[in-house]
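Asks: Sequence:
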Amino acid sequence: MRIPPALFAVLAAPLLLPLPAQDPKNLEARLEALEKKLETLTYDVDTVRKAADDSLWWLRLSDVAVVDKVLLVGPPDPNATERYGIANARHPQRFHQYVFVPRQLDRARKHPAIVLPHGGVHGDFGTYHVHLVREMVERGYVVLAPDYRGSTGYGKAMKEAIDYGGLEVDDVVAGRDWAVEELGVVDGKRVGIVGWSHGGLIALFGAFDHPDKFACAYAGVPVSDLLTRFGYHEESYKKLFTAPYHVGKEPVAAVDEYRRRSPIWHVGKLGIPLMVTSSTNDRDVNVVEVEQLVVHLKAAGKTFEHKIYTDAPGGHSFDRLDTTFARKKRKDLYAFLDKHLKL
5 MRIPPALFAV LAAPLLLPLP AQDPKNLEAR LEALEKKLET LTYDVDTVRK AADDSLWWLR
65 LSDVAVVDKV LLVGPPDPNA TERYGIANAR HPQRFHQYVF VPRQLDRARK HPAIVLPHGG
125 VHGDFGTYHV HLVREMVERG YVVLAPDYRG STGYGKAMKE AIDYGGLEVD DVVAGRDWAV
185 EELGVVDGKR VGIVGWSHGG LIALFGAFDH PDKFACAYAG VPVSDLLTRF GYHEESYKKL
245 FTAPYHVGKE PVAAVDEYRR RSPIWHVGKL GIPLMVTSST NDRDVNVVEV EQLVVHLKAA
305 GKTFEHKIYT DAPGGHSFDR LDTTFARKKR KDLYAFLDKH LKL
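Numbering of the sequence shown is given in this note's numbering, commencing with residue 5 and proceeding in unit increments.
Think of the hints as simulated: they come from the structure by calculation, not from any bench.
Be careful, since some hints might not be right.
[Said to hold, decoys possible] Derived lysine-lysine pairs resembling DSS-like cross-links, with alpha carbons at most 25 Å apart: (1) K41 - K73; (2) K163 - K41; (3) K41 - K160; (4) K332 - K217; (5) K335 - K306; (6) K54 - K41; (7) K306 - K343; (8) K273 - K306; (9) K243 - K253; (10) K193 - K335; (11) K217 - K193; (12) K114 - K193; (13) K346 - K114; (14) K302 - K273; (15) K302 - K253; (16) K332 - K343; (17) K242 - K163; (18) K332 - K346; (19) K114 - K73; (20) K243 - K163; (21) K54 - K160; (22) K160 - K243; (23) K335 - K346; (24) K193 - K343; (25) K253 - K160; (26) K273 - K243; (27) K193 - K273; (28) K40 - K243; (29) K311 - K332; (30) K73 - K54; (31) K114 - K343; (32) K302 - K343; (33) K346 - K306; (34) K163 - K40; (35) K160 - K73; (36) K41 - K243; (37) K217 - K160; (38) K54 - K163; (39) K40 - K54; (40) K217 - K273.
Make a model of the complete structure from these sequences and hints.
Replies: And the structure:
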């Protein structure tokens, strides 16, 4: 049915009236309040997502492992908001750690363990690791997976406590120490550290800075040099580090700080067995970073294992997928771990 022009004019008239005058300051305040609510909602949704994913650990691994999630402490956050006059130095940073103990483990003896730090600038340990943990547990390893400072799923304060390549590594070491001291089944001399991507960076720092804590280290597609990384990565990546609660400066203004957070500049300290892998089609950690790491290790006269695959299926995740190809490549990982941890 076609509306007559005269009737249309009458119906549309209210829509053409000018809007009531608004106080610009009031609109700005309302917009700011709305943005804060949306930010809070974002963190709330992330917390719910994390809780839902946590439940899957018990559902999917309880047949082979005793699954737990514990609350620990690492070094204080120097940038935390002080309360009640209690200085940050007096208040260690709290973080969670997943613990997977094989059900068939002989608890009368000590056993080897694997520390498994997750990847991502702001990531968390999720059930995308479930098939890896199952394999490790079935091989007799206790698995420890820390959600160190900066991890998501725990609110804004935890996320903004990030210290990439810094205090987060100390959190991971603290998680290792807790297991050795508290679980009663972990042999402190047979703990390895395994990580991919950013987790690979943490594994490298574990090898370089804490040879007394780890018997061996595996670094898959590891972030190795942030200065190189900023040269090829998107602008959004740089914003994660230049945020006021993190480094707060671009590399051009803080070269030494970014060197400090990059494993490639610490290779001279390697003193434990190390295995490094990568692929030429990695769209996250470009192979150039790993190639430079290999060059630096060789220049420092270090003995280590490494393998760079040519366009391995899966790119950045090539040996973490639940595929036949990935499982075959992980045989090298387990051979390396078995060699150095099951002495």
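Asks: For the pair supplied as a hint, K311 and K332, is the alpha-carbon distance within the 25 Å limit?
Replies: 14 Å, holds
Asks: Please work out if K73 and K54 have their alpha carbons no farther apart than 25 Å.
Replies: 13 Å, holds
Asks: Does K243 sit within 25 Å of K41, going by the straight-line distance between their CA atoms?
Replies: 23 Å, holds
Asks: Is the straight-line distance between the alpha-carbon of K346 and that of K114 25 Å or less?
Replies: 11 Å, holds
Asks: Sort out whether K343 lies within 25 Å of K306, counting only the CA atoms.
Replies: 19 Å, holds
Asks: Assess, step by step, whether the Cα of K41 is no farther than 25 Å from the Cα of K160, and give holds or violated.
Replies: 13 Å, holds
Asks: Are the Cα positions of K163 and K40 separated by 25 Å at most?
Replies: 16 Å, holds
Asks: Has the given pair, K335 with K346, been kept, meaning a C-alpha gap of at most 25 Å?
Replies: 15 Å, holds
Asks: Next pair to validate is K54 with K163; report whether the Cα-Cα distance is within 25 Å.
Replies: Holds: K54 and K163 sit about 13 Å apart, inside 25 Å.
Asks: Does K343 lie within 25 Å of K114 when you go C-alpha to C-alpha?
Replies: 17 Å, holds
Asks: Between K193 and K273, does the CA-CA distance stay at or below 25 Å?
Replies: 19 Å, holds
Asks: Given the hinted pair K217 and K273, is their Cα-Cα distance within 25 Å?
Replies: Within the cut-off at roughly 14 Å; holds.
Consistency with the previously given hints fails for numbers 1, 4, 15, 26 and 37, ordered from lowest to highest.
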